[in-house]
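Build out the structure end to end from the sequences listed, making use of the hints.
Protein sequences, first through last, are from chains A and B.
Residue numbers for the first sequence follow numbering that gives the first Met the number 0, so the first one is 0 and each next one is one higher.
Residue numbers for the second sequence follow numbering that gives the first Met the number 0, so the first one is 0 and each next one is one higher.
What the hints contain is simulated information worked out from the structure, not anything from laboratory work.
Just so we're clear, the structure is a prediction, and the values are computed from it rather than from any experiment.
Among the clues, some could well be false.
Calculated lysine-lysine pairs in the DSBU-like style (CA-CA distance at most 35 Å, straight line) [what the hints assert, rightly or not]:
1. Lys73/B - Lys79/A
2. Lys71/B - Lys79/A
3. Lys79/A - Lys12/A
Rough simulated footprint, nothing fancy, chain B against chain A, three-plus residues with beta-carbon under 8 Å [what the hints assert, rightly or not]:
4. 168-178
5. 210-221
Even for Gly, the Cβ is constructed at its ideal location relative to N, Cα and C.
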Amino acid sequence: MRFLRQVYAILGKELAIEWRTREVLSAMLVFSLLVLVIFNFAFELQGVDILVLGPGLLWVAICFSGILGLGRSFARERDKGSLEGMLLAPVDRGAIFLAKATANFIFIVLMEAVTLPLFVILFNVPIMWFPLVGYIILGTLGFSAIGTLLSAIAASTRMREVMLPVLMFPVLVPLLVAAVKITQGALQNLPFSDYQGWFTLLVAYDIIFVTAAFLTFEYVVEE
Amino acid sequence: MTKTRNWSDFLGIAAFIAIAVALYFAFVFAPTEASMGSIQRIFYFHMGSNAASIISIILAAVTAALFLRTGKPKYDRISYSCMELGVLFGAISLATGMLWARPVWGTWWTWEARLTSFLILWLVYVAYIMLRASARDDVTIARIAAVFTFIGAIDVPFIMVAPRIWKGLHPVLEGEAGGEFTFGMTPNMLITLFVCISAMILLYLYLLYQRTKLAELESDVAELREQYAE
Numbered sequence: 000m001r002f003l004r005q006v007y008a009i010l011g012k013e014l015a016i017e018w019r020t021r022e023v024l025s026a027m028l029v030f031s032l033l034v035l036v037i038f039n040f041a042f043e044l045q046g047v048d049i050l051v052l053g054p055g056l057l058w059v060a061i062c063f064s065g066i067l068g069l070g071r072s073f074a075r076e077r078d079k080g081s082l083e084g085m086l087l088a089p090v091d092r093g094a095i096f097l098a099k100a101t102a103n104f105i106f107i108v109l110m111e112a113v114t115l116p117l118f119v120i121l122f123n124v125p126i127m128w129f130p131l132v133g134y135i136i137l138g139t140l141g142f143s144a145i146g147t148l149l150s151a152i153a154a155s156t157r158m159r160e161v162m163l164p165v166l167m168f169p170v171l172v173p174l175l176v177a178a179v180k181i182t183q184g185a186l187q188n189l190p191f192s193d194y195q196g197w198f199t200l201l202v203a204y205d206i207i208f209v210t211a212a213f214l215t216f217e218y219v220v221e222e
Numbered sequence: 000m001t002k003t004r005n006w007s008d009f010l011g012i013a014a015f016i017a018i019a020v021a022l023y024f025a026f027v028f029a030p031t032e033a034s035m036g037s038i039q040r041i042f043y044f045h046m047g048s049n050a051a052s053i054i055s056i057i058l059a060a061v062t063a064a065l066f067l068r069t070g071k072p073k074y075d076r077i078s079y080s081c082m083e084l085g086v087l088f089g090a091i092s093l094a095t096g097m098l099w100a101r102p103v104w105g106t107w108w109t110w111e112a113r114l115t116s117f118l119i120l121w122l123v124y125v126a127y128i129m130l131r132a133s134a135r136d137d138v139t140i141a142r143i144a145a146v147f148t149f150i151g152a153i154d155v156p157f158i159m160v161a162p163r164i165w166k167g168l169h170p171v172l173e174g175e176a177g178g179e180f181t182f183g184m185t186p187n188m189l190i191t192l193f194v195c196i197s198a199m200i201l202l203y204l205y206l207l208y209q210r211t212k213l214a215e216l217e218s219d220v221a222e223l224r225e226q227y228a229e
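So this is what it looks like as structure tokens:
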């Protein structure tokens with residue numbers, strides 16, 4: 000109970016900061032829009048089968064702008080030394096992680112809530128909302144868990160925001176491939192059994208990395 | 000001190016002899032492969048360095064976990080050395096693989112399951128080195144690097160599985176790569192392969208020992224410098 004109250008309090012603080020500044024969310028939104036626009040020019044997407052290329056494009060947009068938000072998550076704390084304050088408070092390390100990860104998850108989902116319709120509008124994609132939204136959220140879960148941990152790691156190095164993508168992409172590859180594949184399956188209306196392997200992989204990745212990130216987080220922030 | 004010194008010298012000599020023997024086996028003892036010719040001989044060293052770099056991530060993860068548990072800098076130094084050697088042996092493996100693939104497959108690189116998995120593993124090693132290089136202070140970096148090693152090691156099964164599902168629909172290259180080499184080998188080729196893998200692993204262990212020793216000396220120097228600065 001105490002643990003949940005702590006998570007709730009830190010999550011409230013995260014959301015309040017974001018609500019007052021709106022800096023992370025707006026940067027993420029603009030960036031994901033830019034990625035979509037740039038891809039359109041880079042790949043001449045008119046007339047191409049968008050159902051084949053689209054999922055990759057969508058996930059690259061989500062990934063890039065997600066990393067932008069994740070980078071701020073701990074860099075912001077380090078700037079003003081507020082992480083030390085939080086660590087000094089009698090709060091469980093796991094609670095800090097869960098709250099941070101949940102906040103990042105919410106921001107990324109909000110960004111996706113705009114990016115996905117934009118993607119549909121800009122590229123004229125016929126879309127089945129029902130399983131697709133679930134799959135994207137499933138991908139975002141692992142993404143924000145591992146992203147939060149690596150953001151904390153990157154924030155304690157000298158290069159911070161530069162380090163985050165370098166650390167994150169190699170670890171993220173399996174999740175990204177799986178997410179792209181099931182998104183593709185959902186967009187093309189394939190039967191579930193066609194991409195069931197990917198679905199299992201994604202769920203396994205989520206479970207294992209959420210747990211691993213939760214358990215190892217305390218070593219990262221320990222002073 | 001003298002005892003460990005003897006031990007490491009012995010390991011070094013053993014590695015040297017093993018590599019010499021491996022060279023003999025790969026170039027003289029092993030028969031020339033019928034369809035690929037002599038280029039196939041590079042495969043023995045390719046497999047050897049490949050084995051060493053895969054052992055590397057396991058060793059690194061175990062020592063990283065030990066470091067997080069005990070906090071002894073010794074384990075961190077071993078873990079760091081493992082990851083660095085992972086980059087080295089991974090690069091050798093990738094390079095020899097490409098040299099072999101060019102004449103045999105007609106391409107330097109193909110996004111085949113095994114190649115893709117290995118490249119991603121190698122990128123994890125490289126990311127680790129980047130992380131170490133951007134350290135702010137030694138105590139923090141050792142801990143966060145250990146966590147990253149741990150995460151990277153958990154990622155390995157996924158890295159191995161994902162490209163296989165991905166390429167599940169195209170078993171053609173898979174058969175070309177796996178079929179001919181593991182099952183189409185004569186006994187002499189298999190012996191050579193075994194000798195080469197053992198030799199590369201011995202070399203790996205020797206280098207690991209030396210690199211760990213070097214890391215120890217580095218931290219001693221840093222300590223002394225701090226003492227004199229005061």
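These are the hints, each one checked on the structure:
1. With a C-alpha separation of about 34 Å, the suggested pair Lys73/B and Lys79/A falls inside the 35 Å cut-off, and the hint holds.
2. Of the pairs offered as hints, the one joining Lys71/B and Lys79/A holds, with about 31 Å between alpha carbons and a cut-off of 35 Å not exceeded.
3. Distance check on the hinted pair: Lys79/A and Lys12/A sit about 15 Å apart at the alpha-carbon level, within 35 Å; holds.
4. With 8 residues having a Cβ less than 8 Å from any Cβ of chain B, the stretch 168-178 of chain A passes the three-residue criterion, so the hint holds.
5. Residues of the stretch 210-221 of chain A lying with their CB closer than 8 Å to a CB of chain B number 6, which satisfies the three-residue condition for coverage.
Going down the numbered hints, you'll see the structure goes against none, and every one checks out.
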